[in-house]
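Spelled out from the first residue to the last, the chains are:
Protein chains: 2
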Amino acid sequence: MTRAVARSHPNIALVKYWGKQNEQLILPAAGSLSLTIDAFPTTTEVTLDDRATADTFSLNGVPAAVGQTARVSALLDIVRAVAGVDTFANVDSISEIPTDAGLASSAAGFSALAAAAAAAYGLELDSRALSRLARRGSGSASRSVIPGLAVWHAGNDEESFAEPVNGPDVRMVIVTLSTGAKPVSSREAMRTCMLTSPFYPAWVASTKWTLDGALEACRDNDFTRLGRITELHANRMHALIQSADPPIRYLTPQSVAVFDAVAQLRAAGRSCYATADAGPNVVVLTTPEDAEPVARHLAELGETRIVGAGPGAAVIERGIEP
Amino acid sequence: MTRAVARSHPNIALVKYWGKQNEQLILPAAGSLSLTIDAFPTTTEVTLDDRATADTFSLNGVPAAVGQTARVSALLDIVRAVAGVDTFANVDSISEIPTDAGLASSAAGFSALAAAAAAAYGLELDSRALSRLARRGSGSASRSVIPGLAVWHAGNDEESFAEPVNGPDVRMVIVTLSTGAKPVSSREAMRTCMLTSPFYPAWVASTKWTLDGALEACRDNDFTRLGRITELHANRMHALIQSADPPIRYLTPQSVAVFDAVAQLRAAGRSCYATADAGPNVVVLTTPEDAEPVARHLAELGETRIVGAGPGAAVIERGIEP
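These protein sequence lines are chains A and B, in that order. Heads up: the first sequence at position 206 corresponds to 206 in the working numbering, and the numbers run straight through without jumps. Heads up: the second sequence at position 28 corresponds to 350 in the working numbering, and the numbers run straight through without jumps.
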């Protein structure tokens with residue numbers, strides 16, 4: 001193979017990834033649980049180029065910044081080492097994440113890249129191996145390899161991959177609040193928490209038992225327990241982040257208002273629980289029945305979009321370039 | 323003495339009291355630092371009544387609820403045990419804390435009660451002994467015995483009292499945002515944090531070293547360091563509270579907006595740092611020079627009032643009833 005195209009989708013964590021035990025190999029300090037969603041895919045084409053003297057990377061048709069290209073190249077280096085091939089590649093990526101959606105693009109981006117690069121360089125990787133490879137690009141990308149609910153295990157390089165989890169049929173309402181850039185990148189904020197928060201060791205320990213509880217809730221098909229854990233855990237992640245020195249706060253007054261509105265909806269009988277990643281937007285975990293009314297109610301606070309479980313990363317085209 | 327009147331003022335903590343090592347004796351898990359302010363005093367009269375068969379307690383001219391009267395009576399029991407007197411008392415208390423100020427009334431209330439009761443029952447207590455006595459009514463009352471900046475030491479019953487601290491000349495801007503009742507009492511929330519937050523042990527440990535830093539900043543007359551510690555520590559307390567199960571959040575969207583505004587004022591060159599207790603109101607630690615402009619700027623977000631260092635609890639009248 002000298003050319004492959006793969007597509008992958010973002011994922012939203014119910015039990016968060018926040019902290020590494022190994023920065024080089026991107027091994028997480030604790031496991032996590034997420035839903036790969038059925039919206040906002042990234043489609044990435046990797047084409048080997050015998051005459052190239054370096055990798056190139058374009059995003060949405062525009063040559064990417066040096067730092068972004070270096071991260072792409074680093075993942076290609078891993079693929080080339082395994083494949084025993086030296087050839088550089090041209091990488092073209094189209095992200096359908098609206099720039100104002102505030103969703104992290106790296107999970108879909110690096111899982112699509114891993115799938116396309118493996119295929120283009122002729123590697124036959126099973127889902128675990130592909131998840132491990134995607135992880136090297138961006139930790140949460142390991143989960144976007146898997147469709148729907150996915151658990152990403154902590155452990156050593158061999159053990160740390162994502163795999164599917166059976167659980168309740170859920171929907172998510174993404175509430176978009178801000179078009180502004182993040183004040184601090186999640187990679188940087190994670191590092192600050194690890195270095196400065198007195199709560200960090202307890203956060204890691206609690207994430208482990210929280211994940212155990214969430215997996216039990218999935219196994220028991222217990223949406224309420226899963227939702228309760230999701231919101232509790234999101235509060236703890238933002239508490240951890242706020243406890244850094246200097247304090248970091250991703251949640252704006254508007255985000256807090258959405259958490260309040262979700263609590264009110266719950267008091268009124270709706271099944272819905274709020275979470276938020278390293279940004280101001282809030283994602284509401286809900287049921288197929290309650291997704292519409294919840295989205296309708298929250299529309300006065302931000303732009304809403306209902307999403308469900310999406311497919312894992314997949315190669316959608318292969319070919320030998322002429 | 324059979325009658326005494328004492329007056330005391332609220333205090334605002336820079337390093338917070340949040341967690342007990344002994345609930346019965348109200349011994350804190352860590353020390354704390356506060357400013358007794360020059361506004362909103364409570365004035366309390368204790369009159370021994372030979373013919374009474376129980377203590378009575380009226381607040382602002384209205385007989386208090388049974389639970390409040392029981393807490394007052396419990397403090398009088400301690401005084402009576404030391405004085406070797408059995409006589410019950412009538413307690414009349416006038417609080418000048420506006421009900422919508424959202425300031426805790428128990429610190430001024432129990433320190434005024436301790437001072438008046440000790441005098442009425444004929445005890446001669448020095449400042450340490452009075453602080454220890456006030457502590458038994460409400461932990462933070464131990465600090466309102468002391469004028470201005472006060473450190474309240476953790477330790478056993480003998481060791482846990484407040485005493486004065488020399489430090490920079492500061493002002494506080496109290497920003498009142500809400501007239502609503504607290505969703506959870508601070509006593510209850512503190513207990514929930516102790517029982518359910520995975521961050522609680524680290525909170526206690528970090529409060530200890532935070533207090534050491536704050537006392538160093540006071541000794542060095544270093545307002546900037548003291549302010550920075552104050553805001554960092556407030557963020558950590560609210561992070562701890564948010565990490566409880568179920569999560570508790572005292573800060574409303576409006577509170578968050580004040581924290582943001584304070585950061586902006588600081589970026590514009592003002593010396594100001596935000597803190598908040600177990601409620602939505604924000605208190606801004608600032609300098610004598612910056613108090614006016616800071617208060618003016620924050621007036622668009624809430625009602626503001628500038629306060630400074632106030633006096634400690636003091637007996638203002640003594641007498642033998644006819």
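One or more hints might be untrue.
Covered stretches of chain A (in silico footprint by chain B; criterion: 3 or more residues with CB under 8 Å from a CB of chain B, positions within the stretch not fixed) [unchecked claim]:
#1 202 to 212
#2 223 to 235
#3 245 to 259
In silico DSBU-like links for lysine-lysine, alpha-carbon gap of 35 Å or less [to be verified]:
#4 A:Lys20 x B:Lys530
#5 B:Lys342 x A:Lys20
#6 A:Lys208 x B:Lys342
#7 B:Lys530 x A:Lys208
#8 A:Lys20 x A:Lys208
#9 B:Lys342 x B:Lys530
Worth flagging that the hints you see were computed from the coordinates, not collected in a lab. Heads up, the beta-carbon is just placed ideally off N, CA and C, and yes, glycines get one too.
Which constraints among the numbered hints does this structure fail? Numbers only, ascending.
none
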